[in-house]
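Undergrad: Sequence:
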Amino acid sequence: HDVVVFTTDALDATSRARPVFEVVDGVEIHRFRNVNNSLAWNRIFLPLGFGRHIERELRKVDVVHLHEFRSYQNFVALPHLQRLGIPYVLTAQGGMPRIMGRLALKGMYDRFIGQRILRHACRLHALNELEQQQFIGLGVEPERIAILPNGVDLDEYRELPATNGFRERYGIPSSARIVLFLARVNKIKGVDFLVAGFNEVRKTLSDAVLVIVGPDDGYLIEVKRQIQQLGLDGRVRFTGYLAGAEKLEAYQSASVYVLPSAYEMFAITLLESLACGTPIIATDRCGLADFVLHNDLGSIVTYGDVPGLRDEIVGILQAPGAAQARARAGREYVLANFGWEKIVEKWVELYQNCAASTC
1 HDVVVFTTDA LDATSRARPV FEVVDGVEIH RFRNVNNSLA WNRIFLPLGF
51 GRHIERELRK VDVVHLHEFR SYQNFVALPH LQRLGIPYVL TAQGGMPRIM
101 GRLALKGMYD RFIGQRILRH ACRLHALNEL EQQQFIGLGV EPERIAILPN
151 GVDLDEYREL PATNGFRERY GIPSSARIVL FLARVNKIKG VDFLVAGFNE
201 VRKTLSDAVL VIVGPDDGYL IEVKRQIQQL GLDGRVRFTG YLAGAEKLEA
251 YQSASVYVLP SAYEMFAITL LESLACGTPI IATDRCGLAD FVLHNDLGSI
301 VTYGDVPGLR DEIVGILQAP GAAQARARAG REYVLANFGW EKIVEKWVEL
351 YQNCAASTC
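Just so it is clear: in the sequence shown, position 115 is 115 by the numbering used here, and no numbers are missing.
Because the hints were derived from the structure by calculation, they are not lab data. Treat the hints with caution; some may be incorrect.
[As the list claims (entries may be wrong)] Derived Cβ-Cβ restraints for the label pairs, each shown as a range:
no., residue 1, residue 2, range
1, V5, E345, 27 to 37 Å
2, T163, S38, 34 to 44 Å
3, L335, G218, 56 to 66 Å
4, R158, P320, 56 to 66 Å
5, E345, E156, 29 to 39 Å
6, Q324, L105, 43 to 53 Å
7, K203, V23, 46 to 56 Å
8, R52, R225, 39 to 49 Å
9, V24, A356, 20 to 30 Å
10, R59, E156, 18 to 28 Å
[Said to hold, decoys possible] Quick list of in silico lysine to any residue cross-link-like pairs, SDA-like style, CA-CA up to 25 Å:
no., residue 1, residue 2
11, K203, Q226
12, K187, K60
13, K346, K203
14, K247, Q229
15, K60, T7
The C-beta atom is built at its ideal place from N, Cα and C for all residues, glycine as well.
Sequences are here, hints too, so could you generate the full structure?
TA: If you want it as structure tokens, here you go:
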């Protein structure tokens with residue numbers, strides 16, 4: 001199969017992704033320059049020349065995969081897709097609920113553009129049953145919805161790297177018990193909730209250290225202000241974005257991984273943590289919460305319940321045996337069920353069905 005990716009050059013608040021074109025593992029990647037970095041940083045992507053380019057390129061394709069429910073790119077692509085009769089799949093990336101600001105603008109988009117995108121899509125991709133119900137709530141017929149989870153690259157997790165250097169790099173004592181946050185530093189990720197919970201944890205366990213891993217997504221200043229106000233400066237480490245072996249070292253070095261999100265559709269980081277054999281805590285706002293409970297893979301707390309979060313973290317740090325046993329079982333479960341090889345086969349079948357259909 002030939003795969004071509006059209007995206008923007010958005011990277012962070014001050015930098016742009018390079019190069020504008022490259023081939024990675026046989027996949028063509030075209031990056032279009034955003035009009036303004038600040039707008040892109042605030043998730044308003046306006047790529048120059050995007051419309052002209054896809055008008056030519058779409059004539060060569062059999063099926064298109066749109067990502068994000070609300071985007072300028074989808075708005076531009078939709079009339080071309082309809083005119084050329086090209087089937088498309090939409091992955092909403094958990095973005096259908098109208099939350100976290102711009103509610104009026106989102107409502108207008110949904111009414112005049114979003115409903116058209118949903119109505120004419122060959123298939124709507126849901127990550128789980130929660131997202132399936134969101135599609136149905138917007139009038140999508142259940143038979144047009146395909147549920148396919150995200151996966152992990154099993155090769156990364158079969159032979160895990162040594163963790164000797166992680167603590168040394170970030171000045172963490174060998175005796176410290178690490179509470180790990182690994183996600184974008186964004187308000188919706190609930191990092192302020194975790195900091196509040198950790199403030200209670202350290203009153204019981206003075207050797208606990210909170211490690212925050214991830215890029216700033218507009219909320220880092222607020223988090224640092226909260227940490228300073230609570231007097232936690234010496235108990236918190238920031239690493240910035242980590243990938244590859246460094247990310248795996250972070251998971252393995254942690255006593256527990258906490259995903260405190262106010263809203264989360266899937267949370268691949270929970271699977272990554274389990275694949276490293278590290279216990280997990282997530283909130284009831286996570287789309288994987290029922291899955292975690294049903295399979296006894298970790299702990300679920302009510303979002304905003306600081307005492308409840310404190311109790312779960314302290315319980316794992318003080319008596320880690322049961323949590324570690326669940327995490328070891330979780331590692332085997334993830335490696336057996338969430339490898340990309342199995343999931344990709346289902347994606348290929350979905351694309352082939354769309355390309356051969358008249359939808």
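Undergrad: Given the hint of 43 to 53 Å, is the C-beta distance from Q324 to L105 inside that range or not?
TA: Holds, at about 46 Å.
Undergrad: Please work out if K247 and Q229 have their alpha carbons no farther apart than 25 Å.
TA: violated, 29 Å
Undergrad: Is 29 to 39 Å respected by the C-beta to C-beta distance linking E345 and E156?
TA: The hinted range 29 to 39 Å is violated for E345 and E156, with Cβ atoms some 20 Å apart.
Undergrad: Holds or violated: the 20 to 30 Å window for the beta-carbon distance between V24 and A356?
TA: 28 Å Cβ-Cβ, so the 20 to 30 Å window holds.
Undergrad: Taking the beta carbons of K203 and V23, is their distance inside 46 to 56 Å?
TA: Holds - the Cβ-Cβ distance for K203 and V23, about 54 Å, lies within 46 to 56 Å.
Undergrad: Tell me if the beta carbons of R52 and R225 are separated by a distance inside 39 to 49 Å.
TA: Holds: the Cβ-Cβ distance is about 44 Å, inside 39 to 49 Å.
Undergrad: Do the beta carbons of R158 and P320 sit within 56 to 66 Å of each other?
TA: At roughly 24 Å between Cβ atoms, P320 and R158 fall outside 56 to 66 Å, so the hint is violated.
Undergrad: Take a quick look at whether K187 and K60 sit within 25 Å of each other, Cα to Cα.
TA: It is violated: about 41 Å lies between the C-alpha atoms, which goes past 25 Å.
Undergrad: Hey, K203 versus Q226, does the alpha-carbon distance stay inside 25 Å?
TA: holds, 17 Å
Undergrad: Go ahead and decide if the range 56 to 66 Å is satisfied by the Cβ distance of L335 to G218.
TA: Check failed, 35 Å falls outside 56 to 66 Å.
Undergrad: Using the Cβ atoms, figure out if V5 sits within 27 to 37 Å of E345.
TA: Violated, since V5 and E345 (Cβ atoms, about 20 Å apart) do not stay within the stated range.
Undergrad: Is the hinted pair K346 and K203 satisfied, with a Cα-Cα distance of at most 25 Å?
TA: Roughly 49 Å separates the two Cα atoms, so the pair is violated.
Hint compliance for this structure: hints 1, 3, 4, 5, 10, 12, 13, 14 are broken, all remaining hints hold.
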